[in-house]
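K.L.:
Work out the full structure, taking the sequences as your base and the hints as a guide.
Protein sequence lines correspond, in order, to chains A and B. Going by my numbering, the first residue of the first sequence is number 1, and it counts up by one from there. Going by my numbering, the first residue of the second sequence is number 1, and it counts up by one from there.
Calculated directly from the structure, the hints in this document are not laboratory data. Be a bit skeptical, because a hint or two may be false.
[Said to hold, decoys possible] To be clear about the criterion: a stretch of chain A counts as covered by chain B if any three or more of its residues have a C-beta under 8 Å from a C-beta of chain B, and this derived list gives those stretches:
#1 9 to 22
#2 67 to 74
#3 100 to 106
#4 113 to 122
[To be verified] Some chain B residues close to chain A (C-beta under 7 Å, calculated; not the full set):
#5 S238
#6 R245
#7 M259
#8 P260
#9 R486
#10 V487
Don't be surprised by glycine CBs; every beta carbon is placed ideally from N, CA and C.
Here is what each chain is made of, one letter per residue.
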Amino acid sequence: MGKLLELKGVSLSFGGLQVVNDLNLHLDEGEIVSVIGPNGAGKTTLFNLITGIYRPASGDITLDGRSLVGLQPHQISQRGISRTFQTLRLFLNMSVKENVMAAAYGHTNAGIFRSMLRTPGMRREEREIEQLAQERLAFFGERLMGYRWDQPAYSLSYANRRRLEIARATASNPRVLLLDEPAAGMNPSETHEITELIAQLRTDGGYTILVIEHDMHVVEGISDRVVALDHGVKIAEGSFETVATNEKVIEAYLGLQTTATK
Amino acid sequence: MSDSTPHSSHIPAEGPAVGQDEWVARHGERRLLRGGRLGKLEERLRVVPWWVWLILFVAAFSLLPVVESSGYVRRVAFDTVLYMLLALGLNIVVGWGGLLDLGYVALYGVGAYTYAFLASDQFGVHLPTLLAVPITVIIGALVGLLLGLPSRRLTGDYLAIVTLFFLQLFQTLMTNGDSVFGHDLTGGPNGILNIDPFHIFGHDLAVQHGGVFAVSYFYLALAVFAVVYVALRFVNLSRTGRAWRSLREDPLAAEAMGMPVNWLKLMSFSFGAGVAALTGTLFSALNASVFPLTFYFILLIVVYTMVILGGSGSQSGVVLGALIIGPLLELLRDPGKARILFYAALVGGVVFGFRRSRTLGIVSGATIAFGFVMHAAASAHDAAWVAGDKASGFGGAMAHWVVVPAHLASWVQPTTYVGLIGLALLLTLVDRRVRIVLLVPTLYLAAFVWENVMLANPEPMRYIVLGVILVSLMILRPNGLLGERRVEIV
Chain A
1 MGKLLELKGV
11 SLSFGGLQVV
21 NDLNLHLDEG
31 EIVSVIGPNG
41 AGKTTLFNLI
51 TGIYRPASGD
61 ITLDGRSLVG
71 LQPHQISQRG
81 ISRTFQTLRL
91 FLNMSVKENV
101 MAAAYGHTNA
111 GIFRSMLRTP
121 GMRREEREIE
131 QLAQERLAFF
141 GERLMGYRWD
151 QPAYSLSYAN
161 RRRLEIARAT
171 ASNPRVLLLD
181 EPAAGMNPSE
191 THEITELIAQ
201 LRTDGGYTIL
211 VIEHDMHVVE
221 GISDRVVALD
231 HGVKIAEGSF
241 ETVATNEKVI
251 EAYLGLQTTA
261 TK
Chain B
1 MSDSTPHSSH
11 IPAEGPAVGQ
21 DEWVARHGER
31 RLLRGGRLGK
41 LEERLRVVPW
51 WVWLILFVAA
61 FSLLPVVESS
71 GYVRRVAFDT
81 VLYMLLALGL
91 NIVVGWGGLL
101 DLGYVALYGV
111 GAYTYAFLAS
121 DQFGVHLPTL
131 LAVPITVIIG
141 ALVGLLLGLP
151 SRRLTGDYLA
161 IVTLFFLQLF
171 QTLMTNGDSV
181 FGHDLTGGPN
191 GILNIDPFHI
201 FGHDLAVQHG
211 GVFAVSYFYL
221 ALAVFAVVYV
231 ALRFVNLSRT
241 GRAWRSLRED
251 PLAAEAMGMP
261 VNWLKLMSFS
271 FGAGVAALTG
281 TLFSALNASV
291 FPLTFYFILL
301 IVVYTMVILG
311 GSGSQSGVVL
321 GALIIGPLLE
331 LLRDPGKARI
341 LFYAALVGGV
351 VFGFRRSRTL
361 GIVSGATIAF
371 GFVMHAAASA
381 HDAAWVAGDK
391 ASGFGGAMAH
401 WVVVPAHLAS
411 WVQPTTYVGL
421 IGLALLLTLV
431 DRRVRIVLLV
441 PTLYLAAFVW
451 ENVMLANPEP
461 MRYIVLGVIL
471 VSLMILRPNG
481 LLGERRVEIV
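P.N.:
Shown next as structure tokens:
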């Protein structure tokens, strides 16, 4: 099990603000790693760096040994990294099924003229895309099934939108899945369900997963390894127990005084 | 992932099960169905496939020249088909791509001019139609690609301004192109004349046949429309169409999901431009002449109105928009027909607004009485006040209802016009009871303004009517007639 995704000395600053500072991080094949840290620690920026929305000022990001720096986001997606967004970014006015089907763009190839003529190859590909979308949606049991396929995405509840984002992210056939706060805004039973689902994504889908999560029950339940960030610096790394009891982490979350009175 | 029910082993015997959703299971019962015959009809119509509608529509439309031999009507029908094509092309960029392209009609002009360059005495080039049209479409698509380049960096209103500048640039180039280093390239404001008609399979497509507009161009345009409609529908339901709509919804998410957003934007510009250029060749060949001012703001606004009115993003919607606006603008040229349309809309609006309630009777009765009283008062004061061109209709009753003075003082037109707008706005603010009372003089003032201001200025009137239709529709149905309900942020 080699390093699938690796960040080496990655830095990024906005104006004078150092958002990510000399960050080293790696994901082994088949691993689930959680990133924790207080708000503004640079967690989502980390995702934006990996997916090519931001370009690191220095350092290198590699997938399977090949550098991703300088590639456009869609090229990175086609290399096998897919993500969800903390602030849901679904294609709201498209149907549930089309949301998932759209994400198959990168690994399909029917051109516009072939589509105009509806060639047999194009229609076969279209059936495969639909099949894929149904499979990905079926992953969530009945929640996104049946009549919901043809409903517009805006008609879904918040929790179902989160599920749909995960389904959409998996439709690009990624190797690495980046989940940005998958349990945000969910009730306890839904949170419990999403914890199981993330584990299942690895066993059934074979994805390597990097999760940003604030809910420590979820983090404890799913992580092989936990990385704690604060002010763009990695302050701790290891199993959930080691990181959760790390003084720096407690300090970052609760402030100095609390540690002093402890 | 292939296992479709991955949770079956986790489901506890009772209580809410993981991945189970009772809401979905009972959805069928919960659906609201409209009762009665209307509901049944609606259910039946829903299962009719789209191509049946298209065939029915094209067949019905192609019967028009058979039942109507007037060259004028045929000509209007042809122009309407061109509008439908233009609306379909604009729908690619605006409706699917979500890119506000205000340079669109310049590409229609590029098509018309390119065909004129390739098949007229302007440069002495007379390419065969089957060569000139594809070349024109390709050139149009390439120019569209150029126009799309700013969309890599700009969105929304910024993109709109840059593309609008392109329209102005095209206009300036065509108008001043008659003396480029002493050479006449575009004919300047006088345009290009004597453009070749289409010549297909050894036949010249004659525009006139025995002095009457020949139907060959109409059928050709209709056939082109059907092909373009089907091709675009297929594209919309392909990966490219989904990607276009995804980038309209959220460009960043689309990019992150593997869609090359910049390339897709250029493609949508280019395909919209291709459709516009193709329409331009039809325009050019039929009119045998092109002038720069044809492809300007008025046309841009008209095509946008069609797309917005019909429902941006819906193909059948924008076609419906073109079907309504195209003939409507023609009807409004004729004061007699315009008058019928106006009063029909007024009466229809009041009836629709109050449905069957008692208020309807009160308002209409009061308005009619109000008119006769006003007319009687005016004629008693000075006979010249009611001596203007009589509005006929309703057995001459109209002539005794609406006041049409023989001569208007210069302040009357602007004052009444502005007053009407003020009253209409006031109506939206006041309490229901006050509104009913105010509605009576407003309706009467509307009739007065129509007879004395609008009909006296027929050309601006057409576009004012267009504006009124658009404003009222946007209030009633913000997504257009056939547009899907859209949400921006939830």
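K.L.:
Going by Cβ atoms only, is P260(B) closer than 7 Å to chain A?
P.N.:
holds (5 Å)
K.L.:
Using 7 Å as the Cβ threshold, decide whether V487(B) counts as touching chain A.
P.N.:
It holds, given that the least Cβ distance between V487(B) and chain A is near 5 Å, below 7 Å.
K.L.:
Does the closest beta carbon of chain A sit nearer than 7 Å to the beta carbon of R486(B)?
P.N.:
Given a least distance of 5 Å, the restraint on R486(B) holds.
K.L.:
Between the stretch 9 to 22 of chain A and chain B, are there enough contacts, at least three residues with CB-CB distance under 8 Å, for the coverage claim to hold?
P.N.:
violated (count 0)
K.L.:
Just to be careful: measuring from the Cβ of R245(B) to every Cβ in chain A, is the smallest value less than 7 Å?
P.N.:
With a closest approach of 6 Å, the R245(B) hint holds.
K.L.:
Can you tell me if the stretch 67 to 74 of chain A counts as covered by chain B, using C-beta to C-beta distances under 8 Å and a minimum of three residues?
P.N.:
Coverage by chain B holds for the stretch 67 to 74 of chain A (3 residues, Cβ < 8 Å).
K.L.:
Can you take a look at whether the stretch 113 to 122 of chain A is actually covered by chain B? Rule is 3+ residues, C-beta closer than 8 Å.
P.N.:
holds (count 5)
K.L.:
Would the hint on S238(B) stand, with a C-beta cut-off of 7 Å toward chain A?
P.N.:
Holds, because the Cβ-Cβ distance from S238(B) to chain A comes to roughly 3 Å (cut-off 7 Å).
K.L.:
Mind checking, does the stretch 100 to 106 of chain A have 3 or more residues with a CB under 8 Å from chain B?
P.N.:
holds (count 6)
K.L.:
A closest beta-carbon separation below 7 Å is what the hint needs, so does M259(B) meet it against chain A?
P.N.:
Since chain A brings a Cβ to about 5 Å from M259(B), closer than 7 Å, the hint holds.
Checked against the numbered hints given earlier, this structure breaks only hint 1.
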